[in-house]
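Assemble the complex: chain H is given as a structure, and chain C with the ligands must be docked to it using the hints.
Single-letter residue listing:
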Amino acid sequence: MTIHAQQRFDSLIEADERIEPDDWMPEEYRQTLVRQIAQHAHSEIIGMQPEGAWISRAPSLHRKAILIAKVQDEAGHGLYLYGAAESLGTTRAELLDRLHTRRQKYSSIFNYPTPTWADVGAIGWLVDGAAIANQVPLCRCSFGPYGRAMVRICKEESFHQRQGFQILLRLTEGTAEQKQMAQEALNRWWWPSVMMFGPPDSESVHNARNMAWGIKRFTNDELRQGFVDMTVPQAELLGLTIPDPELRWNDERGHYDFGEPDWEEFARMVRGEGDLPEQRLRVRREAHENGAWVREAAAAYAARQRQAA
Amino acid sequence: MNADWPRWEVFLRARRGLSHTHVGSVHAADGETALQAGRDLFTRRQEGISLWVVPSEQVVASDPDDQDSLFEPADDKSFRFPTSFELPSEVDQM
Ligand SMILES: [Fe+2]
Ligand SMILES: [Fe+2]
Numbered sequence: 001m002t003i004h005a006q007q008r009f010d011s012l013i014e015a016d017e018r019i020e021p022d023d024w025m026p027e028e029y030r031q032t033l034v035r036q037i038a039q040h041a042h043s044e045i046i047g048m049q050p051e052g053a054w055i056s057r058a059p060s061l062h063r064k065a066i067l068i069a070k071v072q073d074e075a076g077h078g079l080y081l082y083g084a085a086e087s088l089g090t091t092r093a094e095l096l097d098r099l100h101t102r103r104q105k106y107s108s109i110f111n112y113p114t115p116t117w118a119d120v121g122a123i124g125w126l127v128d129g130a131a132i133a134n135q136v137p138l139c140r141c142s143f144g145p146y147g148r149a150m151v152r153i154c155k156e157e158s159f160h161q162r163q164g165f166q167i168l169l170r171l172t173e174g175t176a177e178q179k180q181m182a183q184e185a186l187n188r189w190w191w192p193s194v195m196m197f198g199p200p201d202s203e204s205v206h207n208a209r210n211m212a213w214g215i216k217r218f219t220n221d222e223l224r225q226g227f228v229d230m231t232v233p234q235a236e237l238l239g240l241t242i243p244d245p246e247l248r249w250n251d252e253r254g255h256y257d258f259g260e261p262d263w264e265e266f267a268r269m270v271r272g273e274g275d276l277p278e279q280r281l282r283v284r285r286e287a288h289e290n291g292a293w294v295r296e297a298a299a300a301y302a303a304r305q306r307q308a309a
Numbered sequence: 001m002n003a004d005w006p007r008w009e010v011f012l013r014a015r016r017g018l019s020h021t022h023v024g025s026v027h028a029a030d031g032e033t034a035l036q037a038g039r040d041l042f043t044r045r046q047e048g049i050s051l052w053v054v055p056s057e058q059v060v061a062s063d064p065d066d067q068d069s070l071f072e073p074a075d076d077k078s079f080r081f082p083t084s085f086e087l088p089s090e091v092d093q094m
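Protein sequences, first through last, are from chains H and C.
Residue numbers for the first sequence follow this note's numbering, so the first one is 1 and each next one is one higher.
Residue numbers for the second sequence follow this note's numbering, so the first one is 1 and each next one is one higher.
Calculated directly from the structure, the hints in this document are not laboratory data.
Careful, some of the hints might be misleading.
Claimed, not checked - The calculated SDA-like cross-link candidates involving lysine to any residue, where the alpha carbons are at most 20 Å apart (straight line), are:
1. H:K64 / C:R45
2. H:K105 / H:E265
3. H:K155 / C:G48
4. H:K64 / H:L169
5. H:K155 / C:D40
6. H:K155 / C:R44
7. H:K155 / C:R45
Bear in mind the structure is a predicted one, so any value in this text is a computation, not a measurement.
Looking at chain H on its own, in the form it has when it is part of the complex (with noise of 0.2 Å):
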């Protein structure tokens, strides 16, 4: 590394504009950059599962159309965040890799259990929901290749909030059990999705830096506050009760002021504690292994082809 090289890197900063993959970058923001996109990858392609588990029980051949597109753009976003890590120099097989034997994890908001077809709605409308307001402000993310996967990723994610918003909205204009379940899934998925973003800023440990190096654009809590902001009326207009208590809304912050989530269980859940951490990466594992002759074989295809050219 030359000082010019870091001075124009912290221009670039400065300036906010993008680092392209071919700059000189610090090794600690390229490091950041790997781990982070590649644990979002891991999340988008985990996250396939618990929706995919409903496919083959989707109330209706439609719900069924809807639920197979959004489960295949999931795994499209994996894909396009595999490719932006690529760019920063480690391959697709080493990040598999990595998730495979624990060392890389996935959002552990993927190892709650959706017993019905509510919770299916409620993660559409939660679980997306909460993903929007995360990954908005990293379409404009110092690192390029990340920033227009999320541009990508972002419009593909309002289908998946709608849907899930409106599968909610079917069961709470049908019967007293319908509605039920919804409720019920409101209230098993609401802690976790204010959880989704993170620990709070006062235990957030790399808040700061990553803001500095505009990877990040606002903090947790910040991101949380919009969240719960944009969540509440929408719940309201469903006719559900958000589980908690602490829930009002505060007319001189501007904002509602809500009751603190159960930061233990948070740190249980991301210790993967549960035997829903073990299966999913069973059900990841079998199928990495599962389609191994696939890959070997095109890739014998290839090489044949090759040769008789």
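Here is chain C with the ligands on its own, set in the frame of chain H:
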């Protein structure tokens, strides 16, 4: 054998009259399957009507360190831009 498929850069023509534009990359064993992967990944919502795929390793790129020497000379040749010529208002639309 190494079954890690090589990387391909994907270019998409959004509609007739526009150039192909880089949209991202895929992994595939050969060009034909790279096109299929590109189609599945980048055109699920009528984003385009034509795809190119190019092996990533075949891309020859300029070095960012040469950016100044390669691209800066245009800076002191503002006469290449029509706006650098002040003309009487009668011919302002020229
Ligand atoms: Fe996604
Ligand atoms: Fe999504």
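Structure versus earlier hints - violations, ascending order: none
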